[in-house]
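Enquirer: With the hints as extra help, turn the sequences into a complete structure.
Position 108 of the sequence shown, counting from 1, maps to 109 under our numbering, and the rest follow consecutively.
These are calculated hints, taken from the structure and not from any lab test.
Where is the CB? At the ideal position from N, CA and C, for every residue including glycine.
Wrong hints could be hidden among the right ones.
Here are the computed distance ranges between Cβ atoms for each label pair [said to hold, decoys possible]:
id, residue 1, residue 2, range
1, Asp-222, Asp-147, 45 to 53 Å
2, Gly-38, Asp-189, 37 to 45 Å
3, Gly-38, Gly-191, 42 to 50 Å
4, Thr-215, Pro-34, 42 to 50 Å
5, Ser-126, Ala-218, 45 to 53 Å
6, Asp-163, Ala-61, 36 to 44 Å
7, Val-80, Ser-43, 31 to 39 Å
8, Asp-59, Arg-190, 38 to 46 Å
9, Asp-178, Leu-204, 21 to 29 Å
10, Pro-193, Asp-40, 40 to 48 Å
11, Ser-43, Thr-215, 44 to 52 Å
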Amino acid sequence: MPTTRRSYLAALGGAATLGATAGCLGGSGGSGPLPEGCDVGSLDSVSSMSRPALGPEDAAVTVDVFEDYACPHCKTFTVETYPEIRSTYIDPGEIRYRFFDFPIPVDEEWSYRAASAARAVQDRSDAETFFSFAKGVYENQDSLGDNGYEIVHDLADDAGVDGCTVAAAAEQEPYRDVVEADRQTGSDRGVPGTPAVYVDGELLRGYDWDTVDTAIASALDS
Numbered sequence: 002m003p004t005t006r007r008s009y010l011a012a013l014g015g016a017a018t019l020g021a022t023a024g025c026l027g028g029s030g031g032s033g034p035l036p037e038g039c040d041v042g043s044l045d046s047v048s049s050m051s052r053p054a055l056g057p058e059d060a061a062v063t064v065d066v067f068e069d070y071a072c073p074h075c076k077t078f079t080v081e082t083y084p085e086i087r088s089t090y091i092d093p094g095e096i097r098y099r100f101f102d103f104p105i106p107v108d109e110e111w112s113y114r115a116a117s118a119a120r121a122v123q124d125r126s127d128a129e130t131f132f133s134f135a136k137g138v139y140e141n142q143d144s145l146g147d148n149g150y151e152i153v154h155d156l157a158d159d160a161g162v163d164g165c166t167v168a169a170a171a172e173q174e175p176y177r178d179v180v181e182a183d184r185q186t187g188s189d190r191g192v193p194g195t196p197a198v199y200v201d202g203e204l205l206r207g208y209d210w211d212t213v214d215t216a217i218a219s220a221l222d223s
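Expert: Structure, rendered in structure tokens:
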């Protein structure tokens, strides 16, 4: 496989070793410049969008996950647990899996900017592309503060979406209302930190694969 800018950036930072049941509670961070030549003008604000979701709408079990793109625990969940959920339950069509933005924010800038970039990708493609892009953002999480705009630009280009538009969406945050609506939903449901995983409306006490697998299997059997 050829080395891409995405894989190079991912290699710049190592994944943090974190407790499996701890969640992200807050923090701060920095930013970087827009890629050269990415002058797309002002983007129109978007106030509502469909929920990024995978699996049948009429699935017997629904899994809701609230995440912050700058949260290291969300990175662990997306890189380690989500692929197991995908292969075991989403791809066979056994569950409906829904993503909710919940910027705490862990990073004052990229908790929101990455969320807006991901929604720009969703707006111009589909749920599959959204989830692939989101996973790429998490894989490059440690470099967002220095190279965030370039990262989302390259990930979008790799996914077949105009990278300059997505980088501009990160900078201008035209999807802020969409992200804030998700955050309010999480607050109303009592999200204590991220990632917060709900199986049929019940908040799990952890986000590791064993915990999630047990909860989903139990819900399917009930």
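Enquirer: Look at the Cβ atoms of Thr-215 and Pro-34 and judge whether their distance stays inside 42 to 50 Å.
Expert: holds, 45 Å
Enquirer: Take a look at whether the Cβ-Cβ distance between Val-80 and Ser-43 falls inside 31 to 39 Å.
Expert: Taking Cβ atoms as reference, Val-80 and Ser-43 lie about 34 Å apart, which means the hint holds.
Enquirer: Asp-59 and Arg-190, beta-carbon distance inside 38 to 46 Å?
Expert: violated, 22 Å
Enquirer: Between Asp-222 and Asp-147, is the Cβ distance one that fits in 45 to 53 Å?
Expert: With Cβ atoms ~47 Å apart, the hint holds.
Enquirer: Is the gap between the beta carbons of Gly-38 and Gly-191 within 42 to 50 Å?
Expert: holds, 45 Å
Enquirer: So the hint says 37 to 45 Å: do the beta-carbon atoms of Gly-38 and Asp-189 match that?
Expert: holds, 42 Å
Enquirer: Just to be sure I understand the hint, the distance between the Cβ atoms of Asp-163 and Ala-61 should be within 36 to 44 Å; is that true here?
Expert: holds, 38 Å
Enquirer: Can you tell me whether the CB distance of Asp-178 to Leu-204 sits inside 21 to 29 Å?
Expert: holds, 25 Å
Enquirer: Go ahead and decide if the range 44 to 52 Å is satisfied by the Cβ distance of Ser-43 to Thr-215.
Expert: For Thr-215 against Ser-43, whose Cβ atoms are near 48 Å apart, the range 44 to 52 Å holds.
Enquirer: Regarding Pro-193 and Asp-40, is the given constraint of 40 to 48 Å on their beta-carbon distance met?
Expert: holds, 41 Å
Enquirer: So does Ser-126 sit 45 to 53 Å from Ala-218, Cβ to Cβ?
Expert: Hint violated: Cβ distance 32 Å, outside 45 to 53 Å.
The structure fails hints 5 and 8 (numbered hints given earlier, in ascending order).
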